[in-house]
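Novice: One point on numbering: in this note's numbering, the residue at position 101 of the sequence shown is 101, and numbering is uninterrupted.
Calculated from the structure, these hints are not laboratory results. Warning: the hint list may mix true and false statements.
Stated by the list, open to error - EDC-like cross-link-like pairs, simulated, lysine to aspartate or glutamate; straight-line CA separation at most 20 Å:
no.: 1; residue 1: LYS49; residue 2: ASP38
no.: 2; residue 1: LYS377; residue 2: GLU404
no.: 3; residue 1: LYS66; residue 2: GLU161
no.: 4; residue 1: LYS173; residue 2: GLU198
no.: 5; residue 1: LYS273; residue 2: GLU399
no.: 6; residue 1: LYS273; residue 2: GLU438
no.: 7; residue 1: LYS50; residue 2: ASP263
no.: 8; residue 1: LYS64; residue 2: ASP132
no.: 9; residue 1: LYS50; residue 2: ASP335
no.: 10; residue 1: LYS173; residue 2: GLU192
no.: 11; residue 1: LYS377; residue 2: GLU399
Unchecked claim - Computed Cβ-Cβ distance ranges for the label pairs, DEER-style:
no.: 12; residue 1: CYS54; residue 2: LEU433; range: 21 to 29 Å
no.: 13; residue 1: GLY380; residue 2: ILE141; range: 49 to 57 Å
no.: 14; residue 1: LYS50; residue 2: MET220; range: 31 to 39 Å
no.: 15; residue 1: THR135; residue 2: LEU315; range: 21 to 29 Å
no.: 16; residue 1: ALA323; residue 2: TRP357; range: 48 to 56 Å
no.: 17; residue 1: ARG231; residue 2: ASP360; range: 14 to 22 Å
no.: 18; residue 1: LEU334; residue 2: PHE56; range: 23 to 31 Å
no.: 19; residue 1: ALA266; residue 2: ALA297; range: 26 to 34 Å
no.: 20; residue 1: LEU315; residue 2: ALA290; range: 15 to 23 Å
no.: 21; residue 1: THR272; residue 2: SER432; range: 46 to 54 Å
no.: 22; residue 1: ASP199; residue 2: ILE337; range: 37 to 45 Å
no.: 23; residue 1: SER432; residue 2: ARG274; range: 22 to 30 Å
no.: 24; residue 1: ALA297; residue 2: ALA408; range: 42 to 50 Å
Computed from a prediction, not measured in an experiment: that's the story for all the values here. Glycine is no exception: its CB is placed at the ideal position from the N, C-alpha and C atoms.
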Amino acid sequence: MSGSMKAFTEALPVKSPETRGEPVPLVVDLDGTLLKTDLLLETLLVLLKKNPGCIFQLLLWWLKGKAYFKHQIAARTSLDAGSLPYQANFVDYLRAQRAAGRTIVLATASDAKPAREIADHLQLFDHVLASDGVTNLAGGIKRDRLVSQFGEKGFDYAGNESRDLAIWASARKAIVVNPSPRVRLRVSRNAEVERVFEDRRRTLADYARPLRSGHWLKNMLVFVPVLAAHRINEIDLLLKSLVAFFVFGLFASAGYFINDLFDVAADRRHPTKRLRAFASGNLPLAYGMAMAVLLAAVGVLVSAVASYHVLEIALAYFGLTLAYSLYCRNVVILDVIILAGLYSMRIVAGCVATAIWPSDWLLAFSTFLFFSLALVKRYGELAVMRRIDADGAKARAYEASDGELLAAMGIASGYLAVLVLALYINTGAAQSLYGHYEFIWFL
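Let's have the full structure, built from the sequences with the hints guiding it.
Specialist: Here is the structure:
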């Protein structure tokens, strides 16, 4: 912490700067104002990723109060303040105000520990006021604290949401950052608005993009069993496969939301993934959490109505997805095995939905093919990172030196898939199922 910055517990002088000919202090909120994200949810996700078992402790902490809850989470986590998504144009404004000699105060309901880390990184604030594990510095409590230290109308306040309205009413002027239309209208009725900063326009497409509906094409694998069994013309089997397709789509999208939420810190250090909705702060983390729960719940309902067997395989798929996001993705080789398994489970789901079990040939072919594709994915990520940093390139748990091994294994697994298919073509089963079985060679 800089030497000029006061501790968050230190009392500030109650004097009107205007009476001394000094600029009125500018008080700045953190979540949604200085940052495009919510610091409590950021630290909560870091903690859950590091220690999923602590979910039971969270309830006990919450029962002791929100300030205590925040303090316990903050004490067990750390954030990279340099990679957080800041409101760039607003930060530039603060730098200009500080250069002009204005006192700037960071006042936030977030815990003091991450608030100080951010203040130390930006070097913009003279004082930091934050929750201390006992008092949750939000809404009316924050307003009373600011009025007691700066006086009524003795400060300007920068905020973004409805709970800031009470503070704006006691401020000399209001500075509003990315407000909703409703908040923007209400603040103009309660305070003199000096300036509005807006750099975010969300569209329906922005909210839909994390669903990654284009990846639902992978779920076409559930139709493989009816296709391989030459029963594609049976409508009831097609409808059962279609239900399995949507169930896996719902669970896959829920998994994508969870994966993106747990990966925000890593994505912000990636050249392209840093532009993802949650990593960039374009969408709130709360939206991602709500959507993950909603999609998984709808997936359970649809699969339960269709078939309990489909529900069982879908829950197994979702559980494996969670295990991958929380742990397995950072374990060399195990991560690509899990990825390959997630592909294969789609075929198994199609089998379960239609009561058609695939041949050993199909299972062997798909296993080698999907393992090869998973290795290609990791090799591609490593190649991207290598172009950026040839010496320190890393992709998940892999380092630059692992590239040759990944390539060799991927090529070998791909050739094995081809070999399995070639051997199958010459079996009696293939020759009896296909009138012109020799054309399978074109695959």
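Novice: Find the hints from earlier in the document that the structure breaks and name them by number, from lowest to highest.
Specialist: Numbers 6, 12, 15, 16 and 23, in rising order.
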